[in-house]
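*Asks:* Listed below, chain by chain, are the residues.
2 protein chains.
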Amino acid sequence: MITTLKGRTTQVEISPERPTAIIGERINPTGKPRLAKAISEKNWDTLRQEALSQVGSGASIIDVNVGAAGADETVILPEAVKVVAEAVGAPICIDSSDPVALEAALRVCPGRALINSTTGEEKSMAAILPLAAKYGAAVIALCHDEEGISGEPEKRFAVAQKIIARAREAGLEESDLLFDPLVLPVGVGKTNGTACLATASLLSGRLGMNLTLGASNVSFGLPDRHVVNNSFLCMAIWCGVNAPIVNPGGPGLRESILAADLIAGKDPDCMRYIKNYRSSRQRQ
Amino acid sequence: MITTLKGRTTQVEISPERPTAIIGERINPTGKPRLAKAISEKNWDTLRQEALSQVGSGASIIDVNVGAAGADETVILPEAVKVVAEAVGAPICIDSSDPVALEAALRVCPGRALINSTTGEEKSMAAILPLAAKYGAAVIALCHDEEGISGEPEKRFAVAQKIIARAREAGLEESDLLFDPLVLPVGVGKTNGTACLATASLLSGRLGMNLTLGASNVSFGLPDRHVVNNSFLCMAIWCGVNAPIVNPGGPGLRESILAADLIAGKDPDCMRYIKNYRSSRQRQ
Chain A
160 MITTLKGRTT QVEISPERPT AIIGERINPT GKPRLAKAIS EKNWDTLRQE ALSQVGSGAS
220 IIDVNVGAAG ADETVILPEA VKVVAEAVGA PICIDSSDPV ALEAALRVCP GRALINSTTG
280 EEKSMAAILP LAAKYGAAVI ALCHDEEGIS GEPEKRFAVA QKIIARAREA GLEESDLLFD
340 PLVLPVGVGK TNGTACLATA SLLSGRLGMN LTLGASNVSF GLPDRHVVNN SFLCMAIWCG
400 VNAPIVNPGG PGLRESILAA DLIAGKDPDC MRYIKNYRSS RQRQ
Chain B
160 MITTLKGRTT QVEISPERPT AIIGERINPT GKPRLAKAIS EKNWDTLRQE ALSQVGSGAS
220 IIDVNVGAAG ADETVILPEA VKVVAEAVGA PICIDSSDPV ALEAALRVCP GRALINSTTG
280 EEKSMAAILP LAAKYGAAVI ALCHDEEGIS GEPEKRFAVA QKIIARAREA GLEESDLLFD
340 PLVLPVGVGK TNGTACLATA SLLSGRLGMN LTLGASNVSF GLPDRHVVNN SFLCMAIWCG
400 VNAPIVNPGG PGLRESILAA DLIAGKDPDC MRYIKNYRSS RQRQ
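Quick note, the sequences are listed as chains A and B, same order. Going by this note's numbering, the first residue of the first sequence is number 160, and it counts up by one from there. Going by this note's numbering, the first residue of the second sequence is number 160, and it counts up by one from there.
Chain A on its own, in the form it takes in the complex:
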């Protein structure tokens, strides 16, 4: 299964056979007062730099979220999306809980965007899936519904199947969906990691779906979070996650992903791994 995203100048094909595609998560003002201020004041240079920096660190898709900036999202989200799309050629992941803001941004976003996100809640699917169909976008689908996030992988899988059915009714294909198997912090529950990984294995193994994952949530509250994040990503890649949402500049993250891809057979002749090694040596 191939999920194709298009940016202003570059195209990304997400599929189980291809190397992991990194969705850069850094343009999100939640918990970042300086970024919130920059966005609300339309200081777009900050956004441009953050987008370019993530592409430089290996992101091939850029998430744009301005929800916590304190500005009118329906106005500021399309502006931010345009700015980022002009700064980088990469596809955009338009990230908002407001369908009106999403539609405003989809109208101005070049190429084929990724919407972040629908859940399995009827209200969410009713608002988001038709938008994806109307604008020809792909959609991230979170594996929870009105009953919350289940601790049982089979229940999360059932939510995904419901979303697939509704997506078909809305005129979408399975390849238009990127499922997020969802991870809660392992610091608050010892089965939170396994529930996510087992769900990922079900979605990739049974249906061949492409999978995203807001991976860094796994380490919330722990010291040396990057160690947990990087180990988790390697395990998640083995379970089928192939387009995680992460900070591509996190310590050791790119190297961990390249090594996991190599081990998973997604880097023939080790060329990506070795190329990154050489260029990181040159930077030193």
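Treat the hints as calculated values from the structure; they're not laboratory data. Among the hints, a few may not be true.
Copies of one chain are not kept apart here, so a pair can be met inside one copy or by any two copies together.
[To be verified] Think about it this way: if two alpha-carbon atoms lie no more than 25 Å apart in a straight line, the pair counts; the simulated SDA-like pairs of lysine to any residue are:
{"id": "1", "residue 1": "Lys434", "residue 2": "Thr350"}
{"id": "2", "residue 1": "Lys349", "residue 2": "Pro178"}
{"id": "3", "residue 1": "Lys349", "residue 2": "Glu176"}
{"id": "4", "residue 1": "Lys434", "residue 2": "Leu381"}
{"id": "5", "residue 1": "Lys349", "residue 2": "Lys434"}
{"id": "6", "residue 1": "Lys349", "residue 2": "Gly364"}
{"id": "7", "residue 1": "Lys434", "residue 2": "Phe379"}
{"id": "8", "residue 1": "Lys321", "residue 2": "Ala246"}
Given the coordinates of chain A, work out where chain B should sit on it, guided by the hints.
*Replies:* For chain B alone, coordinates are given in the frame of chain A:
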């Protein structure tokens, strides 16, 4: 399934529910001329220090291999095993391709040792499995036979089933076996990593076996080998490997394993992860 090993003073229980047990691989003179010299000259301080250092880095079982030291293994292996067993309380993994040397070492080794190793070859099984039964030892079993190392996980699994049958005939239980799903370097074949991991999943998923793995072979010939090794170990732990043979002092290795255990639900309340974080901060 629980595989219990006993050292002079400590006992290790290997099971899918428990944290990963590290088998320290460093006492092996292959490619280490100084260690070879120390062993052939019976300079035991070197061995004692290497054993203690590995325990300090998190190994709970110590592999002892003197095969490449250029000395008579049937004499030197039992001496080396005694020295290491006296230096550390941990169980010993007695590592030799010579059944006579293995038996000489088993005779003097305190506790319950781990034999490294049998293969699925009839000649190997006929020599090694009765030794394990006679001395009440556990055995590492490599998933290849007279036909070599198969690229197909189902064939490696079939070799494991054959070894289980022969082990039963020799009076052993499944819990006396630690299977090694075998990894060849990913640098020489892009499916070498996936073949190993898929075999591990079959052995753990279908049979609940405990699994070892000579993990660092995966990165042979590549730069920054520790990056590949650490990513691979995280993936292997998810696939059921719970007693890898590694260099416990490798850069970032212990942290990667602790994080993978945490994610895999083998570290309730994150106590092992956090304790290691605190003690590594104190060392700095």
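*Asks:* For every hint, state whether the structure bears it out.
*Replies:* Structure-based check of all given hints:
For the identical chains of this complex, Lys434 and Thr350 are inter-copy neighbours only, at 20 Å across copies versus 37 Å inside a copy, given an alpha-carbon limit of 25 Å. In this homomeric assembly, Lys349 and Pro178 come within 25 Å of each other (Cα to Cα) only across copies, at 13 Å, whereas the closest approach inside a single copy is 30 Å. In this assembly of identical chains, the alpha carbons of Lys349 and Glu176 lie at most 25 Å apart only when taken from different copies (12 Å versus 31 Å within one copy). For the identical chains of this complex, Lys434 and Leu381 are inter-copy neighbours only, at 12 Å across copies versus 32 Å inside a copy, given an alpha-carbon limit of 25 Å.
In this homomeric assembly, Lys349 and Lys434 come within 25 Å of each other (Cα to Cα) only across copies, at 17 Å, whereas the closest approach inside a single copy is 37 Å. Proximity of Lys349 and Gly364 under a CA criterion of 25 Å is satisfied in both settings, with 24 Å inside one chain copy and 20 Å between copies. For the identical chains of this complex, Lys434 and Phe379 are inter-copy neighbours only, at 17 Å across copies versus 32 Å inside a copy, given an alpha-carbon limit of 25 Å. Neither within a single protomer nor between protomers do Lys321 and Ala246 lie at most 25 Å apart by alpha-carbon distance, with minima of 37 Å and 60 Å respectively.
Comparing the model with each earlier hint shows a violation of hint 8 alone; every other hint is respected.
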